[in-house]
Amino acid sequence: MIIAEKKPIEEIIEEVRNYDRLLILGCNECVTVCEAGGKKEVEVLASALRMYFITQGNEKIIKEKTIERQCDHEYLEEIRKNIDEYDAIVSLACGVGVQFAAEKYLTTPLIPGVNTVCLGANEDRGLWTERCQACGSCVLARTGGICPVSRCAKRVLNGPCGGSTNGKCELGPDTDCAWQLIIDRLKALGKMDDYEKIAPIKDWSTDRAGGPRTVTREDVKI
Amino acid sequence: MSELKIVGRLESVLKAGHLGVTSECGPPRGSDPEEVKKKGMLIKDHVDAINVTDNQTAMTRMSSLAACVHLKLLGIEPVLQMVTRDRNRVALQSDILGAASFDIPNMLCLSGDHQSFGDCAQGQNVHDLDSMQLIQTVRHMRDEGKFLGGDNIKRPPQIFVGAAANPFADPFEIRVPRLAKKIACGAEFIQTQCIYNLDKFKEWVRRARDRGLCEKTFIMAGMTPMKSVGMAKYMKNKVPGMDVPDEIINRLAGVEKGKQAQEGIDICVEHIQALKEVEGVSGFHIMAIEWEEKVPEIVERSGLYPRPEV
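Chain order of the listed sequences is A and B. The numbering of the first sequence is this note's numbering, which starts it at 45 and goes up by one. The numbering of the second sequence is this note's numbering, which starts it at 14 and goes up by one.
If we strip away everything but chain A, and leave its shape as in the complex, we get (with noise of 0.2 Å):
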């Protein structure tokens, strides 16, 4: 899923600032899960802000809602029919969400309300960790089904580089070394003489490096 965390609250403050009329927009999808964005963090982040602004003697009408997914039209309409009560929305979306809703309104100010991170998993209680940088181009059936795209800080396709140590990278001991992880994995799959095969040179036209990414489907399109 995507992973996102909460945006401070100053920052958030000097983006409502001189609006007198917010909309808090969660959204019941990934965020809801990585505990970002979902009902309960829009009820805490409205609550924050009314306290801060009464006390600035600055009261604010923020308006709470959480609808089942930025991410698509169908869902973001059940909005239209108030958009013009707010002055602006702050969405606890991911920045697809937020764009999303950013296209739909066009009057309207979006101002993001989290900070989308990564494509991860929830590893742990409290604990969310990346998984997939969304290359395009899935390496997995080679490396063990560890991803050194996304888990090696260099990104090395032929690793692990000299800085691996006690299966840590070199950024630290909070950081496990992916090519150590792939190592364990070929090894538990008996599979090691994979590692000697030499990963060629990736075509990253499917990252983004080769611009704005879409899949067109015309099977599915109507």
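It should be emphasised that the hints constitute simulated quantities derived from the structure, not laboratory data. Careful: at least some of the hints might be erroneous.
Some but not every residue of chain B turned toward chain A, in silico, with C-beta under 8 Å [said to hold, decoys possible]:
hint : residue
1    : Leu142
2    : Ala177
3    : Ile187
4    : Gly199
5    : Glu201
6    : Gln206
7    : Pro253
For each residue, glycine too, the CB sits at the ideal point set by N, CA and C.
Following the hints, position chain B against chain A.
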């Protein structure tokens, strides 16, 4: 356009079966070329070639290629170090041609320290290629006479291609397979990480020898003299992939502070002498960090001077 085959001194020495000696110079953090020229002149008669580091530890410095040209113009043979951290395949191929235009005959292909260690921690890294793919790239340009894109190169580069190896990084069991991969990619010489744990290094060379790798490449053992017990502890605890046994630290700690540097030189000389006897070791890469003036003494005392005529 010259059609002459360019063979550098380093390649000639190694291929003639002599123990090769290289050292390194870090380019300055400024645009004054005198510093790198001075370092080069200090050691030029004692080594076959001098590596010029490429923004090592991700600290921004004068470009490796420019510093190589300064050395080359003084008649000193450089080894151009190139990391994949800062340049994509366009820039790498372009710099390879630039180096070849000055007949810089050697190159060392590296991935480079992560930029978070340097002065631009907020910068992007590139890593379009990895170090093995950079080896393949320069070999492709040289041997096929073609760019990665397939077009012909007018006057292809003639470069002796090297790679780094760290016998001490983890996991140990893939250290030799990894060397084999670099050789399969086209690495003709290898310069290793600084060696302090001789037993572990010898075991690595033995395994390489058992696979016949020492006949396919020239392994140059990396040596860095310790200046003090503080440096030894720092290398042990803070530098990723470094193996400094306690006996080295204890030996340095056992002499008074003013004599630790000399003790460090002595250890380095003893290690070189021990490793000269190891089958599969083709030479030494002496990295005296900001201590280049000690290289002549180390080379002389190790019995590697005078350098052979080739």
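Here is how each hint holds up against the structure:
1. Leu142: 6 Å, holds
2. Ala177: Holds - the Cβ of B/Ala177 comes within 8 Å of chain A, reaching about 7 Å at its closest.
3. Ile187: Constraint on B/Ile187 satisfied, holds at 6 Å.
4. Gly199: Constraint on B/Gly199 not satisfied, violated at 10 Å.
5. Glu201: 16 Å, violated
6. Gln206: 6 Å, holds
7. Pro253: Where the cut-off is 8 Å and the nearest Cβ of chain A is about 4 Å from B/Pro253, the hint holds.
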